[in-house]
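Respectively, the protein sequence lines represent chains A and B.
For the first sequence, the residue numbers in my numbering are 1 to 214.
For the second sequence, the residue numbers in my numbering are 1001 to 1375.
Quick caveat, the hints were computed from the structure, so don't treat them as lab data.
Careful: at least some of the hints might be erroneous.
What the hints assert, rightly or not - Cβ-Cβ distance ranges computed for the label pairs, FRET-style:
(1) A/W128 / B/A1201: 28 to 34 angstroms
(2) B/A1157 / A/V107: 38 to 44 angstroms
(3) B/N1037 / A/D205: 53 to 59 angstroms
(4) A/R127 / B/N1262: 27 to 33 angstroms
(5) B/T1270 / A/R110: 35 to 41 angstroms
(6) A/L22 / B/D1099: 46 to 52 angstroms
(7) B/R1220 / A/N212: 35 to 41 angstroms
(8) A/F60 / B/A1146: 58 to 64 angstroms
(9) A/I59 / B/G1174: 45 to 51 angstroms
(10) A/G203 / B/T1270: 43 to 49 angstroms
(11) A/A55 / B/G1174: 43 to 49 angstroms
To be verified - Away from chain A, derived, C-beta distances all over 12 angstroms, residues of chain B:
(12) R1070
(13) A1316
(14) V1370
In this text the structure is predicted, and so the values were computed from the model without any measurement.
Where is the CB? At the ideal position from N, CA and C, for every residue including glycine.
Each chain, letter by letter, is given below.
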Amino acid sequence: MWLDRLWQGVIDTFLMVGVSSLIALILGIPLAVILVTSGKGGIFEAPNVNRVLGAFVNIFRSVPFLILMVALIPFTRLIVGTTYGVWAAVVPLTIASTPFFARIAEVSLREVDHGLIEAAQAMGCRRWHIVWHVLLPEALPGIVGGFTITIVTMINSSAMAGAIGAGGLGDIAYRYGYQRFDTQVMLTVIVLLVILVAAIQLGGDRLALRLNKR
Amino acid sequence: MTASAQRALGLEAAAPDAAEQAELHPEKQRAHVRFLNLGKVYEGPQGPVPALQGIDLDIQRGEVFGIIGRSGAGKSSLIRTINRLEKPSSGRVLIDQVDIGDFNEDTLVALRRRIGMIFQHFNLMSAKTVWQNVELPLKVAGVPKAQRQRKVAELLALVGLEGKHEAYPAQLSGGQKQRVGIARALVHDPAILLCDEATSALDPETTQSILGLLREINQRLGLTIILITHEMAVIREICDRVVVLEKGEVVEQGPVWQVFGNPQHEVSKTLLAPLQHALPEDVQARLQPHASELHASVVLDLQFTGSDGKEPDLSALFNAFGGRVSLLHGGVERIQGHALGHLLLAVSHSPLSAEELLNRARKHAQQAEVLGYVA
Chain A
1 MWLDRLWQGV
11 IDTFLMVGVS
21 SLIALILGIP
31 LAVILVTSGK
41 GGIFEAPNVN
51 RVLGAFVNIF
61 RSVPFLILMV
71 ALIPFTRLIV
81 GTTYGVWAAV
91 VPLTIASTPF
101 FARIAEVSLR
111 EVDHGLIEAA
121 QAMGCRRWHI
131 VWHVLLPEAL
141 PGIVGGFTIT
151 IVTMINSSAM
161 AGAIGAGGLG
171 DIAYRYGYQR
181 FDTQVMLTVI
191 VLLVILVAAI
201 QLGGDRLALR
211 LNKR
Chain B
1001 MTASAQRALG
1011 LEAAAPDAAE
1021 QAELHPEKQR
1031 AHVRFLNLGK
1041 VYEGPQGPVP
1051 ALQGIDLDIQ
1061 RGEVFGIIGR
1071 SGAGKSSLIR
1081 TINRLEKPSS
1091 GRVLIDQVDI
1101 GDFNEDTLVA
1111 LRRRIGMIFQ
1121 HFNLMSAKTV
1131 WQNVELPLKV
1141 AGVPKAQRQR
1151 KVAELLALVG
1161 LEGKHEAYPA
1171 QLSGGQKQRV
1181 GIARALVHDP
1191 AILLCDEATS
1201 ALDPETTQSI
1211 LGLLREINQR
1221 LGLTIILITH
1231 EMAVIREICD
1241 RVVVLEKGEV
1251 VEQGPVWQVF
1261 GNPQHEVSKT
1271 LLAPLQHALP
1281 EDVQARLQPH
1291 ASELHASVVL
1301 DLQFTGSDGK
1311 EPDLSALFNA
1321 FGGRVSLLHG
1331 GVERIQGHAL
1341 GHLLLAVSHS
1351 PLSAEELLNR
1361 ARKHAQQAEV
1371 LGYVA
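Please build the complete structure, drawing on both the sequences and the hints.
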């Protein structure tokens, strides 16, 4: 019986983290590209856009996840129609992890040697070509590493979301381990989480290493 | 290079006789790149910093044109105004008589595809293979795949990297990286090649091979090469004409043999110093401004800028001096067919005064100077 629950918990965690990290990936990379290229001396220089986006990202990054989740409850209800369950958790998770990932990706993009951008301009690249053929491929190993960190952080946050009724491994550990003093379940959840995080970290590191040709 | 590569690169038709060119296309006589009263000012934290001022230059089609100066002299800014990586603050840049000042992104992209550029630190994409690096300019220009493949293969063959198609830049030596850079710069068949300190990060031997390749490209493709460097040796090796830049201004210009043989400006002399024959240190230490004893040797510095292509006639020189003449240091260099000689001589037991020795030396050498006396 509790094995079934545990299995359901694993699926829920995968679902929450999977969906929100996918959205964070799709939104975070363009956000990072805009942050880098709109800055001073960037190829799409736009200081106002840069300031507004930067401030926006900083605000969301400075609010602790637990508080963000509670504060976002009305918004979550607006988007998914409920404040309870896996899909309700996806909203705050995505909103917290997108700026987080965007900042990490931004650092990798910023580290691309300015000489490469200059070379691309000199060979007749348009600005979009530079983003697509130079910035993103050159920063890819760093972006993969940053995305790995983002996923691990999200597993962490999803446990918190679980505690206020989102389901997943965090929910199980909290209800059985904390409220019912069932140490066996709690230990099992801890082991599962450790294995999950280790597997993701290892996979991410391997991929980043394979992509790095420097 | 294979025959097919030559055909595709248009080498067979390239570099016809200069006189014939001029007759057929009088416009080709005119400057390929022309700077008109060019200026560049940077906005620094302590107010505007002038980087270039009043630059007026004509660069002819097909020549190898060198720009030399110390770091911070404005060389980088100047060469970057040609493909507008750097926007001038004042003045104009004309390429084929067209002012590029008000070009927009579309026209700039088209212009840059006619101007190749190579860099000191190569600036190759680390995540792309050698092949992909050379292919990139064609890819972004929308060239069909079959054509891209032919062109990339030809260029990698031209620079001698046939076996390295799938290598990543990190697996190559500095010289190989610059060869990839050259292949990439030439992939659109440009009319102009800009070289930004292209050999400054390379060892002397590799520098020679890269300069040899550039010379070959210049001659076979009839390409105009504009290079900046802080090394006079690079200028001597491949340039036809040179300008010396100092604090954003042209302080000296002319054919390389002339600037080498008879540098006018202090900066040119400083830059040339490492290549010059200097007085041996021990002689320098014993050098005195006046003759201290009867048979002290007069130390003479003679320069020959043999514009007639002839080497200095030593027997005539020695006969004119009388007495004993010993060679302290010296040599002759050939630049662009001119013999540039530099001799440091000690003359003793001559019946002539130092004054008279100088007068006689000047009949043979273009420049003569008494450096001092040694006992």
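Hints versus structure:
no.	hint	verdict
1	A/W128 / B/A1201: 28 to 34 angstroms	holds (31 angstroms)
2	B/A1157 / A/V107: 38 to 44 angstroms	holds (40 angstroms)
3	B/N1037 / A/D205: 53 to 59 angstroms	holds (57 angstroms)
4	A/R127 / B/N1262: 27 to 33 angstroms	violated (48 angstroms)
5	B/T1270 / A/R110: 35 to 41 angstroms	holds (39 angstroms)
6	A/L22 / B/D1099: 46 to 52 angstroms	holds (51 angstroms)
7	B/R1220 / A/N212: 35 to 41 angstroms	holds (38 angstroms)
8	A/F60 / B/A1146: 58 to 64 angstroms	violated (49 angstroms)
9	A/I59 / B/G1174: 45 to 51 angstroms	holds (47 angstroms)
10	A/G203 / B/T1270: 43 to 49 angstroms	violated (58 angstroms)
11	A/A55 / B/G1174: 43 to 49 angstroms	holds (44 angstroms)
12	R1070	holds (21 angstroms)
13	A1316	holds (54 angstroms)
14	V1370	holds (51 angstroms)
When the structure is compared with the earlier hints, violations turn up for hints 4, 8 and 10 and for no others.
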